[in-house]
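J.: Sequences and hints are given; from them, build the entire structure.
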Amino acid sequence: MTAREQWIAYVTIVLKEIARFMRIWQQTLIPPAISTLLYFVIFGNLIGQRIGQMDGFDYMDFLVPGLILMAVINASYQNVVGSFFGAKWGKSIEELLVSPTPNSIILLAYITGGVARGMLVGLIVTGISLLFTDLNVFNLGILTAVMILTAVLFSLGGFVNAIFAKTFDDVSMIPTFVLLPLTYLGGVFYSIHLLSDFWQQVSKANPILYMVNAFRYGFLGISDVSLSLSFGMIGLFIISFFALSLYLLTYSRGLRA
Amino acid sequence: MEFALKTTQLTKTYRNGVTALKGVDLAVPTGDFYALLGPNGAGKSTVISVLGSLVIKTGGRVEVFGVDIDTDFPQAKSFLGVVPQEFNFNIFETPLQIVRNQAGYYGIDRRTALARTEKYLTLLGLWDKRDEQAGQLSGGMKRRLMIARALVHEPRLLILDEPTAGVDIEIRRSMWDFLRQINRAGTTIILTTHYLEEAEHLCRNIGIIDSGSLVENTSMRALLRQLHLETYVLDLEDSLKRVPSGLDGSARLIDPTTLEIDIKKEECLNHFYELLSANDIRVRSMRNKANRLEELFINRVGQPPLEDK
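Read top to bottom, the protein sequences are chains A and B. First residue of the first sequence? That's 54 in our numbering, and the numbers climb one at a time after it. First residue of the second sequence? That's 88 in our numbering, and the numbers climb one at a time after it.
Hints were generated in silico from the structure; no laboratory data involved. Mixed in with the good hints, there may be bad ones.
Below are the EDC-like pairs computed for lysine to aspartate or glutamate, each with C-alpha atoms no more than 16 Å apart in a straight line [stated by the list, open to error]:
hint : chain 1 : residue 1 : chain 2 : residue 2
1    : B       : Lys-376   : B       : Asp-322
2    : B       : Lys-93    : B       : Glu-150
3    : A       : Lys-144   : B       : Glu-173
4    : A       : Lys-144   : B       : Glu-180
5    : B       : Lys-93    : B       : Asp-159
6    : B       : Lys-229   : B       : Asp-215
7    : A       : Lys-141   : B       : Glu-303
8    : B       : Lys-376   : B       : Glu-284
9    : B       : Lys-109   : B       : Glu-303
Here are some, though not all, of the chain B residues that point toward chain A, as calculated from beta-carbon distances under 8 Å [what the hints assert, rightly or not]:
hint : residue
10   : Tyr-101
11   : Gly-139
12   : Ser-140
13   : Asn-188
14   : Gln-189
15   : Tyr-193
16   : Gly-194
Only a predicted model underlies this, so the values are computations on that prediction, with no experimental measurement involved. Every residue, glycine too, gets a C-beta built ideally from N, C-alpha and C.
T.: In structure tokens, the structure reads:
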């Protein structure tokens, strides 16, 4: 395939992915909006007023970046795992596998689809947060970069999950038992400075902590961990997951016998 | 001679230890209409899946129009259109989306993709259904949708795995006409089918796979020449109660007015006419029973035809 043909294939898959999550917007866009709204009302408004300040900021202001990123993480992950596993389960993935589209293009297109949904959900949640607080942006570049890179990483995570999954239970297991605990313990709701030294060190093994803190830095200019370390960790995870995904797409027995 | 498909010692052993292909040597000339037959589990679909990269071969060599799949699989795949046995499209998408997207996967720009989508959906009688959910289409329409999808990038080699399974006879015949038409236009076709009559009607050459090995690879004509018996079906003017004397052993009464007679290749038909006249049996019409390939198939693979067990 020429570069132009690869580009056409890439755009085709991306448009198909976007059309898919837009077609079922009641399942893909509304639920994160509602759950985030509830988080803002309960944790931000009701409980947050009693908490007061966190790291020198109103609790609501502290909470907003973490909640936005949590929505981005879930949306990008769910998009790729749902779409790719659905295609695998219904065998429509064979349409792509028999075509000359290179595996790297297939992977990039699915990631783009995940990022598109993640960013759209992120924007919706950001819009909702404006009902509760005035958002200050400390560094738009860092904020945008972290949001996109996080969506890329969790799209890749969803892709790996989809390749290994054999049933729909396998698809929901990772978000429930891995993603949710890591997100909740990743500094979305609190600063790790509230924890003892031991648990601070344990928390630093959680990759989501670095993303949440880098994202929070984009809004508030504060972070529990070094910014360069955060970007380094995100980059490392992306490279590792991309290589793994590409390998699985080429050789996995879950796709090719 | 240029070959559309050439496999050399193609082998596949699955992880569970089952060897599906045991060194298959297949050569399909360019422009051919080739039947690949075999009982269930013989390895036909494995050959097709290797070509579509859905199964990774264990050994051997595969060339599509001279392009080795180990050297340049994307190039080889661009020559291929595959219609699988099972429906494998997104049932929530419309025929228009399915076919247009497939064109995109082959790098065809959107304008051309739309024109081709209209062309092939129209040719296959699906243009009126273009905006319906694919899952709502009838079985025959779904089969035709898969053919339209496989043709949208105008492949040089079309592989059809049971394309008319579950399709009524009228639509099957129209699909035969369509396939003949695209074959005449230059597309090489490889067909696997459970309907041996279909293979006999459409294909010029034939390969029979049994237990992972190619047990026959010849022209349809040469294969059919090997038949020792021809079976004729006679429609009788008057009812019969039993097979007339002199025809015992070679004739069967199917119903009171239908008689089937087996005649050896070297025998002359006159002898039978005389016997029928002597018994005052008047024949309204006579036809050749189309089971010739079936007999050969049973001879080769040693089991009844390809119906699902």
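J.: Each hint should be assessed against the structure and marked as holding or not.
T.: The hints, checked one at a time:
Restraint check for B:Lys-376 and B:Asp-322: satisfied, since their Cα atoms lie roughly 12 Å apart, inside the 16 Å limit. Between B:Lys-93 and B:Glu-150 the CA atoms are separated by roughly 5 Å; this keeps the pair inside 16 Å, and the hint holds. For the given pair, A:Lys-144 sits about 9 Å from B:Glu-173 by alpha-carbon distance, which is consistent with the 16 Å threshold. The straight-line distance between the Cα atoms of A:Lys-144 and B:Glu-180 is roughly 14 Å, inside the 16 Å bound, and the hint therefore holds.
A threshold of 16 Å between alpha carbons decides the hint, and for B:Lys-93 with B:Asp-159 the separation of about 15 Å falls inside it, so the pair holds. As the CA atoms of B:Lys-229 and B:Asp-215 are separated by approximately 14 Å, the hinted pair is consistent with the 16 Å bound. Distance hint between A:Lys-141 and B:Glu-303 is unfulfilled; the C-alpha atoms sit about 35 Å from each other, more than 16 Å. Between B:Lys-376 and B:Glu-284 the alpha-carbon distance is near 10 Å, which keeps this suggested pair within the 16 Å criterion.
A C-alpha spacing of about 14 Å is found between B:Lys-109 and B:Glu-303, which places the hinted pair at or below 16 Å, so the restraint holds. Taking 8 Å as the C-beta contact cut-off toward chain A, the hint placing B:Tyr-101 at the interface holds, the least distance being around 6 Å. With its C-beta approaching chain A no nearer than about 4 Å, B:Gly-139 sits inside the 8 Å limit, and its interface hint holds. Restraint check, B:Ser-140 versus chain A: the minimum CB separation of about 6 Å is within 8 Å; hint holds.
At its closest, the beta carbon of B:Asn-188 sits 6 Å from a beta carbon of chain A; the interface hint therefore holds under the 8 Å criterion. Given the 8 Å rule on beta carbons, the hint for B:Gln-189 holds: about 6 Å separates it from the nearest Cβ of chain A. Here the hint on B:Tyr-193 is kept, as its CB sits about 6 Å from the closest CB of chain A, short of 8 Å. The beta carbon of B:Gly-194 comes within 2 Å of a beta carbon in chain A, closer than 8 Å, and the hint placing it at the interface holds.
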